[in-house]
Structures are given as C-alpha cells and as structure tokens.
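The primary structure of each chain is shown beneath.
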Amino acid sequence: MFDDFFIRALAAGLGLAFVTGPLGCFVIWRRLSFFAGTLAHSALLGVTLAFSFDINISFSVLLVSSAIALILLRLQKTTKLPGDALLGLLAHSSLAIGLVVIGFLSYIRFDIMGLLFGDILAVNKKDLLVIWFGGAIILLILKIIWKPLFASTVNYELAEAEGMQPEKVNIIFTILMAAIIAISIKMVGILLITGMLIIPAAMARNLANNPQQMVVLSIIGGILAVLVGLFSSMQFNSASGPSIITAALLLFILSFLKINKLRQLKK
Amino acid sequence: MKENNNTLVKLENTGVQVDKKWLVKGVSFEVQRGKIVTLIGPNGSGKTTTAKLALGILKNIEGKVYKFTDKIGYVPQKISIDWTLPLRVSDFMLLTENLKNNEIDTALDLTGVKHLKNNDLRNLSGGEFQRVLIARAIAKKPDLLVLDEPVQGVDFKGEIALYELIKKISEKLGCGILLISHDLHVVMSATDYVVCLNGHVCCSGTPQAVANDSKYKELFGDRASTILSVYEHDHDHTHSTDGSIETKK
Numbered sequence: 001m002f003d004d005f006f007i008r009a010l011a012a013g014l015g016l017a018f019v020t021g022p023l024g025c026f027v028i029w030r031r032l033s034f035f036a037g038t039l040a041h042s043a044l045l046g047v048t049l050a051f052s053f054d055i056n057i058s059f060s061v062l063l064v065s066s067a068i069a070l071i072l073l074r075l076q077k078t079t080k081l082p083g084d085a086l087l088g089l090l091a092h093s094s095l096a097i098g099l100v101v102i103g104f105l106s107y108i109r110f111d112i113m114g115l116l117f118g119d120i121l122a123v124n125k126k127d128l129l130v131i132w133f134g135g136a137i138i139l140l141i142l143k144i145i146w147k148p149l150f151a152s153t154v155n156y157e158l159a160e161a162e163g164m165q166p167e168k169v170n171i172i173f174t175i176l177m178a179a180i181i182a183i184s185i186k187m188v189g190i191l192l193i194t195g196m197l198i199i200p201a202a203m204a205r206n207l208a209n210n211p212q213q214m215v216v217l218s219i220i221g222g223i224l225a226v227l228v229g230l231f232s233s234m235q236f237n238s239a240s241g242p243s244i245i246t247a248a249l250l251l252f253i254l255s256f257l258k259i260n261k262l263r264q265l266k267k
Numbered sequence: 001m002k003e004n005n006n007t008l009v010k011l012e013n014t015g016v017q018v019d020k021k022w023l024v025k026g027v028s029f030e031v032q033r034g035k036i037v038t039l040i041g042p043n044g045s046g047k048t049t050t051a052k053l054a055l056g057i058l059k060n061i062e063g064k065v066y067k068f069t070d071k072i073g074y075v076p077q078k079i080s081i082d083w084t085l086p087l088r089v090s091d092f093m094l095l096t097e098n099l100k101n102n103e104i105d106t107a108l109d110l111t112g113v114k115h116l117k118n119n120d121l122r123n124l125s126g127g128e129f130q131r132v133l134i135a136r137a138i139a140k141k142p143d144l145l146v147l148d149e150p151v152q153g154v155d156f157k158g159e160i161a162l163y164e165l166i167k168k169i170s171e172k173l174g175c176g177i178l179l180i181s182h183d184l185h186v187v188m189s190a191t192d193y194v195v196c197l198n199g200h201v202c203c204s205g206t207p208q209a210v211a212n213d214s215k216y217k218e219l220f221g222d223r224a225s226t227i228l229s230v231y232e233h234d235h236d237h238t239h240s241t242d243g244s245i246e247t248k249k
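From first to last, the protein sequence lines are chains A and B. Under this note's numbering, think of the first position of the first sequence as 1, with each following residue one higher. Under this note's numbering, think of the first position of the second sequence as 1, with each following residue one higher.
Treat the hints with care, since some could be wrong.
Claimed, not checked - Heads up, simulated PhoX-like pairs for lysine-lysine below, C-alpha to C-alpha not over 25 Å straight-line:
(1) K168/A to K78/B
(2) K114/B to K147/A
(3) K215/B to K21/B
(4) K100/B to K172/B
(5) K114/B to K59/B
(6) K168/A to K59/B
(7) K59/B to K25/B
(8) K71/B to K147/A
(9) K78/B to K147/A
(10) K100/B to K147/A
(11) K35/B to K141/B
(12) K20/B to K80/A
(13) K168/B to K117/B
(14) K117/B to K100/B
(15) K80/A to K71/B
(16) K147/A to K67/B
(17) K141/B to K80/A
(18) K71/B to K141/B
(19) K172/B to K141/B
(20) K25/B to K168/A
(21) K147/A to K117/B
(22) K64/B to K147/A
To be verified - Computed Cβ-Cβ distance ranges for the label pairs, DEER-style:
(23) Q152/B to I171/A: 13 to 23 Å
(24) G44/B to L81/A: 22 to 32 Å
(25) G205/B to D84/A: 48 to 58 Å
The hints are simulated quantities; they were obtained by calculation from the structure and are not laboratory data. C-beta: ideal position from N, C-alpha, C; glycine also.
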C-alpha cells in the first residue's frame, strides 16, 4: 500500500499534522512563533553536519536544534538583549554557518531547494517510520508533561509555587520542538515547518473556546491542510509543501470569516 | 518558634536583592498546620516578595527556606494571563490539580461564583476573578494556602464573607495559611501570628503583642492604634520613604 509515492506523502503529512497540531497550540500560547523559526533555521546546520560526518539527518538536526534551543534559554538569562534579538542572532548565524559549511562540501551535490521547502513526495518507507514512531513518542511525552506545561504557560509563578516544576518542563518542551523539526524537515523543509506549526493552531484559536478544543481543531485543521494541499498539488501540478501551507492559510481565512459572521449574527 | 512536624514552611534569615538593592532582608518565621500567619507592612515593604520566598518562586536568595509540602494553593496578588489562551473558569480550576466535577462546583459555590463555571476567564470582573482565584486555591485541599491580598476588588459584603470562609477552611482542612492583608481589623482578629515588615521584620508576634509595639504604630499611624490599644516607648529608628532605616541619635 505504501508503494505509491502519493500514499506515502499522504501518510507522512497526516502523521505530521497529528504532532504539529498540539505543539502548534503551545507555540501560539507561549508566543514562540519566532522561536520555532529559529530552530528551523538552525536545522540547516544540522543537515550539513549530517553530511559532513555521515550520520542520520534527523538525528543530527535534533542535536543541533536542541543545542541551539538550550543555548538560547541560557542566553536569555545571562544577557540583557531582548528575546527577539537573541532569536534573530541565533537563527541567522546558524543559517549562515550552515550555508558556509555547504560551500566546503563541494563533493556533495546539495538540493538547497529541497532543504528549504522539503519534498514530501520523495518520502520513503524509512522516513515514514521515523515520522510515525518519532511523532508518537513526541505526543506521548507531551501528554505526560501536559499538566505542568500548560500550568506554566498560563502562569509561571503559580506553576512554580504549586510544585509544577516549570523550568524542567520548559526544557523538555523545547527539545520536543527540536524533535518535530528534525522529523519533518524532509517533508516540508526549513522555511515551511513554522507555517505548519502556527497556521492550523491559529485557525483553531479562531474557533475554540477552551484549550482541549483548540488542540483537536488544530489537528483537524492540519489534516485538512495536508489533504487539500496534496490533492490540489496533484491536480494543478504545484509544489506540494507550499500547497499544504497555502491550504492551511485558506482554512485560516475561512475560520476568520466564520467568526465575523457569528459576531454579526449575535448583534 | 520551635520547629516540629506541624511546620509546613520555614524561613531562616531569608532575603533577596535585585540590582544590589535589598527587597527584604533577614526574614525569619514559620507557618504551621492549622495556623494563620499574616504579613503586614506599607507598600513596597516586601510582603509579596516574602510570600514568593516562602513559595520558592524566587531564586538566588539569601538564607534558607524549608518547604515541607508541595500541596500548596497560591492566590497571587497580580496575575497576568495571556489571552491567546482560550480558558474557561472550569479549565483554570484544573490548572495544577485533577479535580472531580463536583469538587470544582463545591469550591466555586463556596466563593459564590458557581454560575460562572463555563464563562471565559477573560470576561470576568476583577472581583469575580478574585473569587475564582480563591476557589482554585482551596479546591485542591492544600496543606498550605498562600493568599496575597486575596480579597482585592471584592465588594465589602463579599470581603467579610471571604475572610470568614478562609478562616473556616483553615479550621476544616487544618491547613496553614500565609496571608497578606491590608485590612488590619481582619489581621488583628483572625490571625495567630503577625509579621510586620518594612524591608526587614519590624516586629512580630501575636496580634496583641504587635499592636502594642511602637514600631507598628509608627508604620501604620494613629488610626491603626485604635484597633488595639498601644502604649508608647522610645523608638530606636525611623523609616524614610525609600525604606531605609535611620537610627535616632
């Protein structure tokens, strides 16, 4: 059944949507959009290191992105620079170093476009295993730390006071973010993974009135985006990764229109 | 104060400084099961800071804090919740504890806001939100309740009722309470131990002893002295507006 490239792409995309749904909600709640972008940029460095030392790409990206994230947490405490400046600093310097290293690896032919935008249609059976198994582990850990993570998202001091260990769960959550980027980079690429995290969750925020509902809607939004995006990319012969994100944007706009209509009805 | 196994939290000569300025310094006291300890003091005297010391929220502190329980209910003085979060009152009640539906109802009922259970948290008024905060803190049946001006913004009638409720809950659950309050009537009538702060511990003891302390009168003025009788004796220091202490010659 997974012999067909399109079926594999669907399976990969749907697996991704299940994980980016809940993680994306936390990205929105904790205002981490730019943080997610920084981790994704640093993934390029991870990819180049994987080629340099001949190790698994996902593993290498996980290591580099986690390292960048932990450096960031450390810098936030020790410097006086604002958070967004630190993010910009790390995002662009890791991207630049990644590109410089690529230049030195002239004996390998790099598909830069593939790295930036991914190629979900090129997903093989091994990639599928990584996505579904890795995704399941991420979701499991997220479920375990859900309560303390959510509590520290709502109010850090309250969580700390009532023994929820917010610092510890923050670090775990950061590594989960690096992990989702690591397993999805091949599908949607560095530039689009942030969109996959944020847009379905943003759509869900328009419609939900409680956190659980927002998570469910965010997953559904992601699934719809993958289905609509992939089928339309086949129909119109458009690039598949960008088509998924465009479909997510359309869903977001629809949810926005629906909200305005509901408001008008209430008046 | 002697330590025993009823002690829930104990501060030993604790202090914290930010940018080389001490917020509080040399604070020692303990909260025991079934006892209400109140922190009083003027604005900027370090009451909230002291509560955060006791809760272990502040890091890099001077002195020692011993926490003997993790079952804590906290009503902070200020709470900012990001409205990118869709949050109903019932979701907020479950923030740090898994409660049954009827436990949520009971707690909200006690503070008089059961009808708001399914409301969006951000649409509550200040007083309603304060009642929800108290309900959340007591619903988990904590060993230690830390209440930082818990009735701010609550109407006068509700204020009295909530203080009565807090007293009743401490008796029923046998929990210890660390209370910060500006209402000296309440402090003096319902408290077991009073710590009067002004960057350091000015005086502490039973309400009677504190009310009779000249430093208390100096901090709170003549109005406060009418609550319990106060007798005069020589002061050895005065407090300037920035909280520093000048020794009288």
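So, going through the hints one by one against the coordinates:
no.: 1; hint: K168/A to K78/B; in the structure: 24 Å, holds
no.: 2; hint: K114/B to K147/A; in the structure: 23 Å, holds
no.: 3; hint: K215/B to K21/B; in the structure: 23 Å, holds
no.: 4; hint: K100/B to K172/B; in the structure: 19 Å, holds
no.: 5; hint: K114/B to K59/B; in the structure: 37 Å, violated
no.: 6; hint: K168/A to K59/B; in the structure: 15 Å, holds
no.: 7; hint: K59/B to K25/B; in the structure: 14 Å, holds
no.: 8; hint: K71/B to K147/A; in the structure: 15 Å, holds
no.: 9; hint: K78/B to K147/A; in the structure: 22 Å, holds
no.: 10; hint: K100/B to K147/A; in the structure: 15 Å, holds
no.: 11; hint: K35/B to K141/B; in the structure: 15 Å, holds
no.: 12; hint: K20/B to K80/A; in the structure: 16 Å, holds
no.: 13; hint: K168/B to K117/B; in the structure: 23 Å, holds
no.: 14; hint: K117/B to K100/B; in the structure: 14 Å, holds
no.: 15; hint: K80/A to K71/B; in the structure: 35 Å, violated
no.: 16; hint: K147/A to K67/B; in the structure: 22 Å, holds
no.: 17; hint: K141/B to K80/A; in the structure: 41 Å, violated
no.: 18; hint: K71/B to K141/B; in the structure: 8 Å, holds
no.: 19; hint: K172/B to K141/B; in the structure: 10 Å, holds
no.: 20; hint: K25/B to K168/A; in the structure: 29 Å, violated
no.: 21; hint: K147/A to K117/B; in the structure: 20 Å, holds
no.: 22; hint: K64/B to K147/A; in the structure: 29 Å, violated
no.: 23; hint: Q152/B to I171/A: 13 to 23 Å; in the structure: 34 Å, violated
no.: 24; hint: G44/B to L81/A: 22 to 32 Å; in the structure: 29 Å, holds
no.: 25; hint: G205/B to D84/A: 48 to 58 Å; in the structure: 50 Å, holds
Of the numbered hints listed earlier, those contradicted by the structure are 5, 15, 17, 20, 22, 23.
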